[in-house]
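Sequence lines, in order, name chains A and B.
Sequence positions in the first sequence follow the working numbering and run 4 to 379.
Sequence positions in the second sequence follow the working numbering and run 4 to 379.
Keep in mind that a hint or two might mislead.
[To be verified] Here are a few chain A residues that face chain B, going by a calculated C-beta distance under 8 Å:
# : residue
1 : Pro90
2 : Asp111
3 : Val376
4 : Gly378
[Unchecked claim] Listed below are several chain A residues computed to face chain B (Cβ distance under 8 Å; list not exhaustive):
#  : residue
5  : Lys44
6  : Ala49
7  : Gln114
8  : Gly264
9  : Leu276
10 : Asp335
11 : Leu337
12 : Ile339
The set of hints was computed from the structure by calculation and includes no laboratory data.
Just so you know, even glycine gets a beta-carbon here, dropped at the ideal spot from N, CA and C.
Number of protein chains: 2
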Amino acid sequence: MRLSDLTTPTLVLDRGILARNCRRMAERTAAHGVALRPHLKTAKSADVARLATDGQAGGITVSTLAEARYFADRGFRDITYAVGFLPSKLDEAAALIRDGVSLRLLVDGRQAVAGIAARAVALDVDVPLLIEVDCGGCRGGVDPEGGDLLDIADAITAAPRLSLSGVLTHAGQSYHCRDVAGVRRVAEQERAAVVRAAARLRGAGYAVPVVSAGSTPTAVHAEDLSGVTEIRPGVYMFNDLDQVGIGSCADGDIALTVLAGVIGHNRRAGRILVDAGALALSKDISAGEFLPATGYGRVADLAGRPHSGLYVADVHQEHGLIAAVDGEPPYDALPIGARVRIVPNHACMTAAAYPAYHVVEGGEHVVDRWDRVNGW
Amino acid sequence: MRLSDLTTPTLVLDRGILARNCRRMAERTAAHGVALRPHLKTAKSADVARLATDGQAGGITVSTLAEARYFADRGFRDITYAVGFLPSKLDEAAALIRDGVSLRLLVDGRQAVAGIAARAVALDVDVPLLIEVDCGGCRGGVDPEGGDLLDIADAITAAPRLSLSGVLTHAGQSYHCRDVAGVRRVAEQERAAVVRAAARLRGAGYAVPVVSAGSTPTAVHAEDLSGVTEIRPGVYMFNDLDQVGIGSCADGDIALTVLAGVIGHNRRAGRILVDAGALALSKDISAGEFLPATGYGRVADLAGRPHSGLYVADVHQEHGLIAAVDGEPPYDALPIGARVRIVPNHACMTAAAYPAYHVVEGGEHVVDRWDRVNGW
Numbered sequence: 004m005r006l007s008d009l010t011t012p013t014l015v016l017d018r019g020i021l022a023r024n025c026r027r028m029a030e031r032t033a034a035h036g037v038a039l040r041p042h043l044k045t046a047k048s049a050d051v052a053r054l055a056t057d058g059q060a061g062g063i064t065v066s067t068l069a070e071a072r073y074f075a076d077r078g079f080r081d082i083t084y085a086v087g088f089l090p091s092k093l094d095e096a097a098a099l100i101r102d103g104v105s106l107r108l109l110v111d112g113r114q115a116v117a118g119i120a121a122r123a124v125a126l127d128v129d130v131p132l133l134i135e136v137d138c139g140g141c142r143g144g145v146d147p148e149g150g151d152l153l154d155i156a157d158a159i160t161a162a163p164r165l166s167l168s169g170v171l172t173h174a175g176q177s178y179h180c181r182d183v184a185g186v187r188r189v190a191e192q193e194r195a196a197v198v199r200a201a202a203r204l205r206g207a208g209y210a211v212p213v214v215s216a217g218s219t220p221t222a223v224h225a226e227d228l229s230g231v232t233e234i235r236p237g238v239y240m241f242n243d244l245d246q247v248g249i250g251s252c253a254d255g256d257i258a259l260t261v262l263a264g265v266i267g268h269n270r271r272a273g274r275i276l277v278d279a280g281a282l283a284l285s286k287d288i289s290a291g292e293f294l295p296a297t298g299y300g301r302v303a304d305l306a307g308r309p310h311s312g313l314y315v316a317d318v319h320q321e322h323g324l325i326a327a328v329d330g331e332p333p334y335d336a337l338p339i340g341a342r343v344r345i346v347p348n349h350a351c352m353t354a355a356a357y358p359a360y361h362v363v364e365g366g367e368h369v370v371d372r373w374d375r376v377n378g379w
Numbered sequence: 004m005r006l007s008d009l010t011t012p013t014l015v016l017d018r019g020i021l022a023r024n025c026r027r028m029a030e031r032t033a034a035h036g037v038a039l040r041p042h043l044k045t046a047k048s049a050d051v052a053r054l055a056t057d058g059q060a061g062g063i064t065v066s067t068l069a070e071a072r073y074f075a076d077r078g079f080r081d082i083t084y085a086v087g088f089l090p091s092k093l094d095e096a097a098a099l100i101r102d103g104v105s106l107r108l109l110v111d112g113r114q115a116v117a118g119i120a121a122r123a124v125a126l127d128v129d130v131p132l133l134i135e136v137d138c139g140g141c142r143g144g145v146d147p148e149g150g151d152l153l154d155i156a157d158a159i160t161a162a163p164r165l166s167l168s169g170v171l172t173h174a175g176q177s178y179h180c181r182d183v184a185g186v187r188r189v190a191e192q193e194r195a196a197v198v199r200a201a202a203r204l205r206g207a208g209y210a211v212p213v214v215s216a217g218s219t220p221t222a223v224h225a226e227d228l229s230g231v232t233e234i235r236p237g238v239y240m241f242n243d244l245d246q247v248g249i250g251s252c253a254d255g256d257i258a259l260t261v262l263a264g265v266i267g268h269n270r271r272a273g274r275i276l277v278d279a280g281a282l283a284l285s286k287d288i289s290a291g292e293f294l295p296a297t298g299y300g301r302v303a304d305l306a307g308r309p310h311s312g313l314y315v316a317d318v319h320q321e322h323g324l325i326a327a328v329d330g331e332p333p334y335d336a337l338p339i340g341a342r343v344r345i346v347p348n349h350a351c352m353t354a355a356a357y358p359a360y361h362v363v364e365g366g367e368h369v370v371d372r373w374d375r376v377n378g379w
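With the rest of the complex left out, here is chain A:
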């Protein structure tokens, strides 16, 4: 089967680019002497996870219980759940732990610890916890210099079925850096915050085996990871226009595209219409923070080569409107029924609309189909 045989819109993943992205990240982490615990929130696929963990210890990171169950069922038994955990979700997590999965959960407050502790006793299960540290992203996590850090560690170790595995941070602010020097500064903030938190806990007598950091930009550009034991990047497997804009990768490193069909020419408006709209591409326009003429994605041909200057200028639910940076879009080159591949702004958001990937290897021949686990 070839890409031109597929019903549109659909998701295309280039295995060669994916494998190269995974290999490069493995080499970077090896050079730093830290473990790579890839975050599967982007890929949500066991086939991708096998490539991303190739040569690694095998541990992964997830962002939903649906991912935890899916990956555990497919042989990934060392899982960190990297979103602040709700006590009411412990019943589902406990089923995995009882089944032998090494599952670490994340907390950043004593209320959550108390709630999880009570459920752990009721469910008769041992629960290892990581304390989330805020390294400047202002999302979750405690101040690495504040009193909460030690209070939470005390609460965890005082609870009968809980244990402290370590500390974890995520530099979400790296997604808004405008150059590599900025990413490097954030990478050092990230490292310094989580290593400082670990040092304070060790100073108070706690063992802190896990010191976990990492976003894709900081994982790519960090100069020093001393004191960090593992990193958890995710989107590097696929890359996207946002990562090109931040400087994490080059255009040729983007493995994920959306296959679309030309459904109309609106010559009065200067637009070529395709059947990939807001649901097929997502409404994420993050790359526009860095790059001109990205809109809802840039346009490539069926073989993945860029259609220079073409981008999706607007979307409706099932319509994408392609414009040219200069002048008219090439109506004759893209007649009704022609196929294009749209390079997404944000791979995590775009991929979430699809149940599977159609896998290619550098060309138009579909070599495999890999499923995804969406939802919660």
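Based on the hints, put chain B in the right spot on chain A.
Just chain B, lined up with the frame of chain A:
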């Protein structure tokens, strides 16, 4: 089962509000003497479709082949596919037509007609077509005054297996009107364009049984629909903050919410964190065009009553960050594990992340679960 028993994030649909929204739209269309052909692109649910077609002729509108198959399998046999149709998709559509479904497809150019005609002959199937008319939205459709309209009608009627059913338009620009007077002007543009196209075709000797118009804003506020035979609104069934902003409904008319759990308090940043982020809410921020402090959605309590001044100020993939318009968010009223319901900006985008609705009837008791058909 109650809402507090559900795993978060999940989708909640209030059947009482839904039924009232459907009844009101049925009354409006009856008052205008036009047929209501509800667009199921928002709801993607047979249970919702049964309410939306109650007392109507039974015809529906869809935006994907997945919807067409799903609804045809569940007894909806009169379907208009309201997105410009690709010849390569005719194999799948032909299977429905052969199965007895009355399925009308949409075209706006002679290339598409030629492609569909060739496939119709090859597949040995009769295909009724509608011509899309542009009423000012600058998406798809021909100029109602231009030569293409008659050329396309000629091409359709000259082709052996094609027939002309009528004309169709959609006033997408109604989503950017800032007041009811503006919506009324757009409603009249929409009516005038599609009725003019029908008149020109009739003048050229064509029968034009279908003259189809309608978006939710124009369906709510149109003063005159003379010459129109049917309208195709969709989001009115659920409504959302965007429709409140446009003036299509009141806050109390929104039937759809996302149930989320409080997973953290970031007092340094002044944010309450919930487990509904960019995937659970979508990145649609359309209501921000009209209303202050909507962000990625407004916050209500478990019973659906607004938490005054609370909104989702920022999202990450699985995190929503709730802020207060004035001062600090109410940490004590929303401890870890508390549930909230988030009122979405754009129901079509938000609902697409979920496989089903948890149905309530004015309270917290879950009375049913209705499935959805996502994808393509």
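Taking the hints in turn, this is what the structure says about them:
no.	hint	in the structure
1	Pro90	holds, 6 Å
2	Asp111	holds, 6 Å
3	Val376	violated, 12 Å
4	Gly378	holds, 6 Å
5	Lys44	holds, 6 Å
6	Ala49	violated, 19 Å
7	Gln114	holds, 4 Å
8	Gly264	holds, 5 Å
9	Leu276	holds, 6 Å
10	Asp335	violated, 11 Å
11	Leu337	violated, 11 Å
12	Ile339	holds, 4 Å
This entry does not satisfy hints 3, 6, 10, 11, going by the numbered hints stated previously.
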